[in-house]
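Asks: Just so you know, the protein sequences line up as chains A and B, in that order. Start counting the first sequence at 1; every next residue gets the next number (this note's numbering). Start counting the second sequence at 104; every next residue gets the next number (this note's numbering).
What the hints contain is simulated information worked out from the structure, not anything from laboratory work. Please note: incorrect hints may appear among the correct ones.
Partial selection, computed: residues in chain B whose CB lies under 8 Å from chain A [stated by the list, open to error]:
(1) F144
(2) G147
(3) P149
(4) T152
(5) V156
(6) V163
(7) V198
(8) D202
PhoX-like, lysine-lysine: derived pairs with alpha carbons at most 20 Å apart [stated by the list, open to error]:
(9) B:K134 - A:K2
(10) A:K45 - A:K94
(11) A:K31 - B:K105
(12) A:K45 - B:K172
(13) A:K69 - A:K2
(14) A:K69 - B:K148
(15) A:K31 - A:K45
(16) B:K197 - B:K148
(17) B:K122 - B:K197
(18) A:K14 - A:K94
(19) A:K14 - A:K45
(20) B:K148 - B:K134
(21) A:K19 - A:K45
(22) B:K122 - B:K148
(23) A:K45 - B:K105
(24) A:K2 - B:K148
(25) A:K19 - A:K94
(26) B:K134 - B:K122
Where is the CB? At the ideal position from N, CA and C, for every residue including glycine.
Protein chains: 2
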Amino acid sequence: MKNVFIHHVYFWLKNTDSKDDLATLVAGLEKLSTCATIQSFHIGKPAATSREVIDGSYAVSWCLLFANKADQDAYQTDPIHLHFIETCQHLWSKVIVYDSVDV
Amino acid sequence: MKNVFIHHVYFWLKNTDSKDDLATLVAGLEKLSTCATIQSFHIGKPAATSREVIDGSYAVSWCLLFANKADQDAYQTDPIHLHFIETCQHLWSKVIVYDSVDV
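With the rest of the complex left out, here is chain A (with noise of 0.2 Å):
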């Protein structure tokens, strides 16, 4: 992959053992890959892996790719990830989020 913006954000939830919690979550990141902008994403889970330096206690992993800053930034506002954000934060305890352009 040449020329991407790649936006990953790993979500952990408050409730870490609620299945509607996620099954809520990943809903909304159904809804939210219709963002225009988006050119493909992923919605996933840890896999089943475990070494030292794997981090698998997140709860969801939500990967897009965008064709550039300018689309990834026209994402941020969009009216669908603002709706997401708000219907959808109380349920998260903690988001990191990784943003790469090409070296």
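Got chain A; can you put chain B on it based on the hints?
Replies: Only chain B this time, still in chain A's reference frame:
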């Protein structure tokens, strides 16, 4: 993206300001990208974004897509991968890995 195993690694350099070390790590990853089971890859650096939730402190992002866990497992023991670790591990001070599969 569906039916995918995302292996996303973030590297922090020991010599944080060394452009040579950064270039050596990137060159190592370019060689590493030839592992047979990798579907696609991205070698990244932090984007020019800054919010409270964004961790932009890493030096290099290494994002790999595999068809499934078996292919990722094969990558872990691929001689090209073992050679990469042997020749490049002196460069980094910290590595965090997030492995994700479809929810």
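Asks: Give a verdict on every hint.
Replies: Okay, the hints, checked on the actual structure:
no. : hint            : in the structure
1   : F144            : holds (7 Å)
2   : G147            : holds (3 Å)
3   : P149            : holds (7 Å)
4   : T152            : holds (5 Å)
5   : V156            : holds (5 Å)
6   : V163            : holds (7 Å)
7   : V198            : holds (5 Å)
8   : D202            : holds (4 Å)
9   : B:K134 - A:K2   : holds (16 Å)
10  : A:K45 - A:K94   : holds (15 Å)
11  : A:K31 - B:K105  : holds (16 Å)
12  : A:K45 - B:K172  : holds (13 Å)
13  : A:K69 - A:K2    : holds (13 Å)
14  : A:K69 - B:K148  : holds (13 Å)
15  : A:K31 - A:K45   : holds (17 Å)
16  : B:K197 - B:K148 : holds (15 Å)
17  : B:K122 - B:K197 : holds (17 Å)
18  : A:K14 - A:K94   : holds (8 Å)
19  : A:K14 - A:K45   : holds (16 Å)
20  : B:K148 - B:K134 : holds (17 Å)
21  : A:K19 - A:K45   : holds (13 Å)
22  : B:K122 - B:K148 : holds (13 Å)
23  : A:K45 - B:K105  : holds (12 Å)
24  : A:K2 - B:K148   : holds (12 Å)
25  : A:K19 - A:K94   : holds (17 Å)
26  : B:K134 - B:K122 : holds (18 Å)
In this structure, none of the earlier numbered hints is contradicted; all agree with it.
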